[in-house]
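Participant: So the chains spell out like this:
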Amino acid sequence: MFGWFEENGLLLGLALLDGLASAALIFLVAVGLNLVFGVLRVLNVAHGSLYAIGAYVAASLGIAFASGGLPPWASFAALVIAAALVGAVLGPAIEGLLLRRVYGQEQVLQLLVTFALFMILEDVQKLVWGVQPVHHDAGLRWLGTVDVPFGTDVIPFTAYQLFVLPGVAVLTLVGLAWFLRRTLTGRVIVAVTTDREAATAMGIDARRVYLLTFTFGAALAALGGALSSPTAALVPGIGAQTIVLSFAVVATAGLGQIEGAALTALLIGIGRSIAVYFEPELEVVVPYLIMVAVLLVRPQGLFGVVETRRV
Amino acid sequence: MLVAAWAAPWLKFVLTIALAKGIAALGILLLLRAGQVSFGHALYVGLGAYTVAFLAPAMPELLLLLPLAALAAAALGLVVGLFVARYREIFFGMLNLALSMVFWSVLEKFYAITKGTDGIRVEVPRVAGAALQGETYEWTVFGIALALAFGFAAFARAYLASPMGQALAGIKTRETRLEFMGIGARRVLLAAYVLSALMAGCAGALIAMTTRHVTPLLAYWTASGELVFIAILGGAGGVLGPFLGAVTYELVRIYAAAIIADAWQAILGAVLLLVILFAPGGLWGMIAGLFRRRAAPATRGTMP
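So the protein lines, in turn, are chains A and B.
Mind the numbering: the first sequence is residues 1 to 311 in the working numbering, read in order.
Mind the numbering: the second sequence is residues 1001 to 1304 in the working numbering, read in order.
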């Protein structure tokens, strides 16, 4: 047992650090998906495409900034601008032009509207950014690496993945919890989530809440994508990968859970990166195995609330 | 359809694939009756296809491979169904998605067994002991696909009219009431689930025999979405809908790919959006509506 740790301890440490960084990204995407589902009751299959577009826009902006002679730290501004831009442009467009037309219709139709959107956005990415990998990591390199002490060894790890990604995720978690519980707008969103009819009867403009929530969720997905862009080259298909992963997080955590989504993202992120280092074949399977195992024991998800059955 | 396949030989290939996908989408339609969307039936399509690919070298007989693939899919459908039939709506969809993704990654990652993304080539199997060549073989597979499509459509029609099929609609409207009547909702859904897996397995086997090359992409989640897409495009109202949807889907895909190579997916997405927004009954619903409108003046006269 101890022998195993001596041999593989360093690898395990690296897996944990990697897992933490990827959990932060998964959380940002999953929490947006969860929020949108909670309010609109539409599972947005195109959520992963927003992530991908956020990443591409961030990389393009970063490259443009760099060629414009701006210092490397400006690429962090590019990340935030990209997220805000994608959220503010695509969010209202998708909600207002498409989703608004299918509220109250069958769930499968709503699901397919977002699936159709996913197909369209997937090709839009290919048409705009091509199929060659796009990469820009000036910001990541500018921050350099940190030697993380691990037992008797040190693990060199990029400061960006060590501090920036988890930091943004924690800020989002705390900020979102505060926003939803302490501010009027947040409470209105929660009210619409819990009981739309009663909320509307109280004079809440549900349409506005839908628009706001979707835009915000889209911006979160785009932020996740933008933050991921310096850590890996962007290729077509990242949207499709991301969405199924965040589905797994949302279903495992239970619908409408924010802190739950954070813990589950951590569980799945670390589980996956441990698989990457020790059993690479299982990398893709681990999140789903965790999800299936959890749902076998708790059908409503780890933190989900049992809904009463209608008679 | 026969005429079209005869008139343009390249269409035969497309139509065989369309018929296969129509059969799989018919299974999706059964589940849609219960209000449940599976975003993971590509799992069974993939299983059917890989069953053919694995068994073909040892047993190159189409008439054995096809039922075996269907049975393998139905057996897995039973095991998985026992588990997923407990869940509804989003959880049902997500669990199916998760399991199909597990299967997909097994296909993709275990290169030693499955050849990974390279896929496996399927040799031309014999049909009833006779070694068929090129054109004749293609016609045979097309004929079998057509016969199976008709068979499954007739079966699905009868099934949906039977008490088991009627109970499916009960799951959609109000499940608790169904149980008050002494009908086990889980068993009703499980039966439909196993049937849908069987159909998907058949479809997978047909696809493997037509394209003669299987890859993990058959089981990727977008392929599952494609099946739901076809079911809705054709219209979930009638059993011919999925076939109409599948033929339209494949033809649009081929023409779109020929016109703008990189945007066929976007074009299909746009078609799907138009159908959902302006013809929620699907193509079949549109055609049925046309006939009803034409028949309407005649019936109005007989009204008292």
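No lab work stands behind these hints, which were simulated from the structure alone.
Note that the coordinates shown come from a computational prediction; the quantities given were computed from them, not determined experimentally.
Mixed in with the good hints there might be a few duds.
[To be verified] So the derived list for chain A, only partly shown, Cβ under 8 Å to chain B, looks like this: (1) Val42; (2) Leu43; (3) Asp137.
[What the hints assert, rightly or not] Straight-line C-alpha distance at most 16 Å; calculated EDC-like pairs for lysine to aspartate or glutamate: (4) B:Lys1115 with A:Glu281; (5) A:Lys126 with B:Glu1089; (6) B:Lys1172 with A:Glu279; (7) B:Lys1172 with B:Glu1089; (8) B:Lys1109 with A:Glu106; (9) B:Lys1109 with A:Glu281; (10) B:Lys1109 with A:Glu279.
[Unchecked claim] A few chain B residues that don't get close to chain A, going by computed Cβ distances all over 10 Å: (11) Gly1035; (12) Val1079; (13) Leu1132; (14) Met1181; (15) Ile1259; (16) Asp1262; (17) Leu1290.
Built from N, CA and C at the ideal position, the CB exists for glycine as well.
Participant: Each hint needs a verdict: does it hold in this structure or not?
Facilitator: Evaluated hints:
Of the supplied interface hints, the one on valine 42 of chain A is violated, with its beta-carbon coming no nearer than about 10 Å to a beta-carbon of chain B, more than 8 Å. Contact between leucine 43 of chain A and chain B, as hinted, is supported at the beta carbon level, the nearest pair being about 6 Å apart and thus within 8 Å. With a least beta-carbon distance of about 27 Å to chain B, the hint placing aspartate 137 of chain A at the interface is violated under the 8 Å criterion. At roughly 13 Å between alpha-carbon atoms, lysine 1115 of chain B and glutamate 281 of chain A fall within 16 Å of each other, so this suggested pair holds.
For the given pair, lysine 126 of chain A sits about 32 Å from glutamate 1089 of chain B by alpha-carbon distance, which is inconsistent with the 16 Å threshold. Restraint check for lysine 1172 of chain B and glutamate 279 of chain A: not satisfied, since their Cα atoms lie roughly 42 Å apart, outside the 16 Å limit. At roughly 10 Å between alpha-carbon atoms, lysine 1172 of chain B and glutamate 1089 of chain B fall within 16 Å of each other, so this suggested pair holds. Note on lysine 1109 of chain B and glutamate 106 of chain A: the hinted pairing is violated, with a Cα-Cα distance of about 37 Å set against a maximum of 16 Å.
At roughly 5 Å between alpha-carbon atoms, lysine 1109 of chain B and glutamate 281 of chain A fall within 16 Å of each other, so this suggested pair holds. The straight-line distance between the Cα atoms of lysine 1109 of chain B and glutamate 279 of chain A is roughly 11 Å, inside the 16 Å bound, and the hint therefore holds. Its beta-carbon lying about 7 Å from the closest one in chain A, glycine 1035 of chain B breaks the requirement of being farther than 10 Å from that chain. Annotated as non-interface, valine 1079 of chain B keeps its C-beta farther than 10 Å from every C-beta of chain A; the closest such distance is 13 Å.
No Cβ of chain A approaches the Cβ of leucine 1132 of chain B within 10 Å, the least distance being about 37 Å, so the stated non-interface status holds. Every C-beta of chain A lies more than 10 Å from that of methionine 1181 of chain B, the closest at about 13 Å, which supports listing it as non-interface. Against chain A, the non-interface label of isoleucine 1259 of chain B holds: every CB pair exceeds 10 Å, the least being about 13 Å. With a least CB separation of 5 Å from chain A, aspartate 1262 of chain B falls inside the 10 Å interface cut-off, contrary to its annotation.
The beta carbon of leucine 1290 of chain B sits about 21 Å from the closest Cβ of chain A, which is more than 10 Å, so the claim that it is off the interface holds.
When the structure is compared with the earlier hints, violations turn up for hints 1, 3, 5, 6, 8, 11 and 16 and for no others.
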